[in-house]
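2 protein chains.
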Amino acid sequence: MAKSKKKNLDLLLTVEWKDNAVVMIDQTKLPNKLVYVKCTDYHQVADAIKKLVVRGAPAIGVSAALGLALAAQNSNANTLPELMTDLDTAFKELRATRPTAVNLFWALERVMGKAKRAKTLEDAKKTVLSEAQKMWEEDVKANKEMGANGARLFRDGDVVLTHCNAGSLATVAYGTALGVIRAARESGKRLSVIATETRPVMQGARLTAFELQHDGVDVSLIPDTAVGHMMARGAIKRVIVGADRVLRTGHVFNKIGTYQVAILAGRHKVPFYVAAPLSTFDFESDPKDVVIEERSVDEVVKVGKKRVAPKGVRIFNPAFDMTPPELITGIITERGVLKPPFEKNLKALLG
Amino acid sequence: MAKSKKKNLDLLLTVEWKDNAVVMIDQTKLPNKLVYVKCTDYHQVADAIKKLVVRGAPAIGVSAALGLALAAQNSNANTLPELMTDLDTAFKELRATRPTAVNLFWALERVMGKAKRAKTLEDAKKTVLSEAQKMWEEDVKANKEMGANGARLFRDGDVVLTHCNAGSLATVAYGTALGVIRAARESGKRLSVIATETRPVMQGARLTAFELQHDGVDVSLIPDTAVGHMMARGAIKRVIVGADRVLRTGHVFNKIGTYQVAILAGRHKVPFYVAAPLSTFDFESDPKDVVIEERSVDEVVKVGKKRVAPKGVRIFNPAFDMTPPELITGIITERGVLKPPFEKNLKALLG
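Sequence lines, in order, name chains B and G.
Just so you know, we're using the numbering used here here: the first sequence kicks off at 17 and counts up by one.
Just so you know, we're using the numbering used here here: the second sequence kicks off at 17 and counts up by one.
Bound-form chain B, shown alone (with noise of 0.2 Å):
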């Protein structure tokens, strides 16, 4: 993966094809540095996604579909056939580097369902590259139309919390639950946002202050444990978070530590609110099916090269948690807000 920095920081584009590569913010740098990596074949890809260098289920989803782009165009293949199994490798390899957003699954399936209807070996390559653009533009106009929905949702002078990153740099840009707090305040309503660190990787420190910061939005950041501290004292007024995977019951699996900040809002009567596109919904699983990725411990035990935690110490590292419907209070996606009962109106919603 090669580096470069830009120093135009008008626009976070998180992913994007570029000059026959995949070029990406490398967000394990963030909020110290702004360096993108070009990522010139799948493996660097897969890579990227397993290091958390590109993360957050959309910009996942789109950056693995790009990923099928790059194996479709580097392939050697002289027949169709040999394109096919070129591209189921690189689809496996991409599939198994992250099991729980469902993004990756419905990103990389959707690709190779349209390259299985191609023609010639030249449709194939074509069609795989323009549909990963395709989904890729489709991100951008999904957050913009949740934007507009969940925009309703919040009060002139509301102070919103959020916890992990469901920002421009979870997707390809504005963002899912920070693309709706755009959105509000785009639509002339003065919101200002708390974001939690998120430990252990820190998006909310590192990504959502950064972006927030960066894009003149007013932006504290407060300690995981203080969020029911601040819900106490009357400083909060919505929650909004992003999804990972969004089950056909309205179970929500997000960030580990959305099921906890759910209870609380509920506790001090708190509107919480999911932001998810349709390509974040599992309308086939149950919530028992779902496995919750454990992460490496060296996620806990380092800051760094800073140790915070003795040698040896067992570590229990889940990356996400499952939130209940009846914790939710709405899930906004680009057809609509979805209101309880969710399975019931999600059908409604898809008519």
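Note that these hints are calculated values from the structure, not bench results.
Hints are not guaranteed to be accurate.
[Unchecked claim] Once the Cα atoms are required to be at most 30 Å apart in a straight line, the calculated BS3-like pairs of lysine-lysine come out as:
{"no.": "1", "chain 1": "B", "residue 1": "K321", "chain 2": "G", "residue 2": "K49"}
{"no.": "2", "chain 1": "G", "residue 1": "K49", "chain 2": "B", "residue 2": "K45"}
{"no.": "3", "chain 1": "G", "residue 1": "K327", "chain 2": "B", "residue 2": "K205"}
{"no.": "4", "chain 1": "B", "residue 1": "K108", "chain 2": "B", "residue 2": "K304"}
{"no.": "5", "chain 1": "B", "residue 1": "K322", "chain 2": "G", "residue 2": "K157"}
{"no.": "6", "chain 1": "G", "residue 1": "K321", "chain 2": "B", "residue 2": "K321"}
{"no.": "7", "chain 1": "G", "residue 1": "K327", "chain 2": "B", "residue 2": "K45"}
{"no.": "8", "chain 1": "B", "residue 1": "K318", "chain 2": "B", "residue 2": "K67"}
{"no.": "9", "chain 1": "B", "residue 1": "K66", "chain 2": "B", "residue 2": "K132"}
{"no.": "10", "chain 1": "G", "residue 1": "K150", "chain 2": "G", "residue 2": "K66"}
{"no.": "11", "chain 1": "B", "residue 1": "K49", "chain 2": "G", "residue 2": "K34"}
{"no.": "12", "chain 1": "B", "residue 1": "K67", "chain 2": "G", "residue 2": "K322"}
{"no.": "13", "chain 1": "G", "residue 1": "K45", "chain 2": "B", "residue 2": "K322"}
{"no.": "14", "chain 1": "B", "residue 1": "K327", "chain 2": "G", "residue 2": "K304"}
{"no.": "15", "chain 1": "G", "residue 1": "K54", "chain 2": "B", "residue 2": "K49"}
{"no.": "16", "chain 1": "G", "residue 1": "K54", "chain 2": "G", "residue 2": "K205"}
{"no.": "17", "chain 1": "B", "residue 1": "K45", "chain 2": "B", "residue 2": "K132"}
{"no.": "18", "chain 1": "B", "residue 1": "K54", "chain 2": "B", "residue 2": "K132"}
{"no.": "19", "chain 1": "B", "residue 1": "K363", "chain 2": "B", "residue 2": "K304"}
{"no.": "20", "chain 1": "B", "residue 1": "K253", "chain 2": "G", "residue 2": "K157"}
{"no.": "21", "chain 1": "G", "residue 1": "K360", "chain 2": "B", "residue 2": "K318"}
{"no.": "22", "chain 1": "G", "residue 1": "K321", "chain 2": "G", "residue 2": "K157"}
{"no.": "23", "chain 1": "B", "residue 1": "K157", "chain 2": "B", "residue 2": "K321"}
{"no.": "24", "chain 1": "G", "residue 1": "K67", "chain 2": "B", "residue 2": "K321"}
[Claimed, not checked] Covered stretches of chain G, as calculated for chain B (at least 3 residues, CB under 8 Å):
{"no.": "25", "stretch": "131 to 144"}
{"no.": "26", "stretch": "238 to 246"}
{"no.": "27", "stretch": "265 to 276"}
Every value quoted in this text rests on a predicted model; they were computed, and no experiment measured them.
Virtual Cβ for every residue (Gly too), placed ideally from N, Cα, C.
For chain B, the structure is supplied; the task is to place chain G on it using the hints.
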């Protein structure tokens, strides 16, 4: 697996009077280095309290009392009134170090009360030291008594969650909450512990994991964001924490994050216990009277030398929060276990 590392570390004495000085473990260096610092005047003790070299309500109380003993020892006073003036100056400096934990005020006032009854300069100097040393001894005794009272509340095989560090490192030795866990284990019950990291200062990761591992107690560490998820999985059977101040109404002030752990325990029907010696009780104040210390932004934005938040972002860093009595199953003291209604039962306990 948590492994016992017993070398010359058998006895962790947090603070003691030794060779006319106050010697304490430098807790800012744990878990990487076990280093002791020697304070030869009370300013150094005050500084150690402010900088969290020594922390934990009971340890702060005893340290401040020993700080007064240093002030008495180092005083150039030629008359008893001159000594009392010097002691009063030291009293004020030590009292102003931290605003929330009540043991600090209790300890300083108790020593000053004794000094005021002295008849001679010589007598006053001796009294200050002997009273501080008496409190040092009483601290360990109270912890052992709390342990005996609290051990009965735990069952063989329990997995117990604790937040922050209410262990030997928060007291002279043995600990309050962790003292109860030690006593339960000594009584033959196999307990294992889950420690929360406790952002921002990481007392759970740095201190609780360290001291339990040191004593061969089975201990695991989780991010503060994983408490709700672990409870939803049924992985936690009891919670026990310490306290910085307990009001007569049963309101408990403790490390930031305690309140939300109590809410999560309530929702998952996990008993929530507080272990606090009577020196931690404040029979005068109402909840609104208690000052919650707001600490430096540096505790949040940096871990070691690593910056984890963008420059200039606004931070809220309250060090404590308040848990209301309705969330507390029992308060373990050296005289017995208080159950709700706390105000009534506290009167009965004190006779």
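Results for each hint:
For a cut-off of 30 Å, the pair hint linking K321/B to K49/G stands: about 15 Å separates their Cα positions. Among the hinted pairs, K49/G with K45/B is consistent with the structure: their alpha-carbon atoms are about 29 Å apart, no more than 30 Å. Only pairs whose Cα atoms come within 30 Å are accepted, and K327/G paired with K205/B is accepted, the gap being roughly 26 Å. The hinted pair formed by K108/B and K304/B meets the criterion: a straight-line CA distance of about 23 Å does not exceed 30 Å.
For a cut-off of 30 Å, the pair hint linking K322/B to K157/G is broken: about 36 Å separates their Cα positions. Among the hinted pairs, K321/G with K321/B is consistent with the structure: their alpha-carbon atoms are about 9 Å apart, no more than 30 Å. Taken as a hint, the K327/G and K45/B pair is honoured in the structure, with Cα atoms around 14 Å apart against an allowance of 30 Å. Distance restraint check for K318/B and K67/B: the Cα-Cα separation of roughly 15 Å lies within the 30 Å cut-off, and the hinted pair is therefore satisfied.
This hinted pair checks out: K66/B and K132/B have alpha carbons roughly 27 Å apart, not beyond 30 Å. Between K150/G and K66/G, the direct Cα distance comes to roughly 24 Å. Compliance with the 30 Å bound is thereby established for this hinted pair. With a C-alpha separation of about 49 Å, the suggested pairing of K49/B with K34/G is violated against the 30 Å cut-off. With a C-alpha separation of about 19 Å, the suggested pair K67/B and K322/G falls inside the 30 Å cut-off, and the hint holds.
About 11 Å separates the Cα atoms of K45/G and K322/B, which keeps this hinted pair within 30 Å; it holds. For the proposed pair K327/B and K304/G, the alpha carbon gap of about 42 Å is over 30 Å, so the pair is violated. Between K54/G and K49/B the CA atoms are separated by roughly 41 Å; this puts the pair beyond 30 Å, and the hint is violated. For the proposed pair K54/G and K205/G, the alpha carbon gap of about 38 Å is over 30 Å, so the pair is violated.
Proximity of K45/B to K132/B is assessed by CA-CA distance (about 38 Å); at most 30 Å being required, the pair is judged violated. The hinted pair formed by K54/B and K132/B meets the criterion: a straight-line CA distance of about 28 Å does not exceed 30 Å. A hinted pair counts as satisfied when its Cα atoms are at most 30 Å apart, and K363/B with K304/B qualifies at roughly 22 Å. A C-alpha spacing of about 47 Å is found between K253/B and K157/G, which places the hinted pair above 30 Å, so the restraint is violated.
Distance restraint check for K360/G and K318/B: the Cα-Cα separation of roughly 47 Å exceeds the 30 Å cut-off, and the hinted pair is therefore not satisfied. For a cut-off of 30 Å, the pair hint linking K321/G to K157/G is broken: about 40 Å separates their Cα positions. The straight-line distance between the Cα atoms of K157/B and K321/B is roughly 40 Å, outside the 30 Å bound, and the hint therefore fails. Distance hint between K67/G and K321/B is fulfilled; the C-alpha atoms sit about 22 Å from each other, no more than 30 Å.
Counting residues of the stretch 131 to 144 of chain G whose C-beta sits closer than 8 Å to any C-beta of chain B gives 0, which falls short of three, so the coverage hint is violated. Requiring three or more residues with a Cβ within less than 8 Å of a Cβ of chain B, the coverage given for the stretch 238 to 246 of chain G holds, as 9 such residues are present. Given a C-beta distance limit of less than 8 Å, the hint that chain B covers the stretch 265 to 276 of chain G holds, as 5 residues qualify and 3 suffice.
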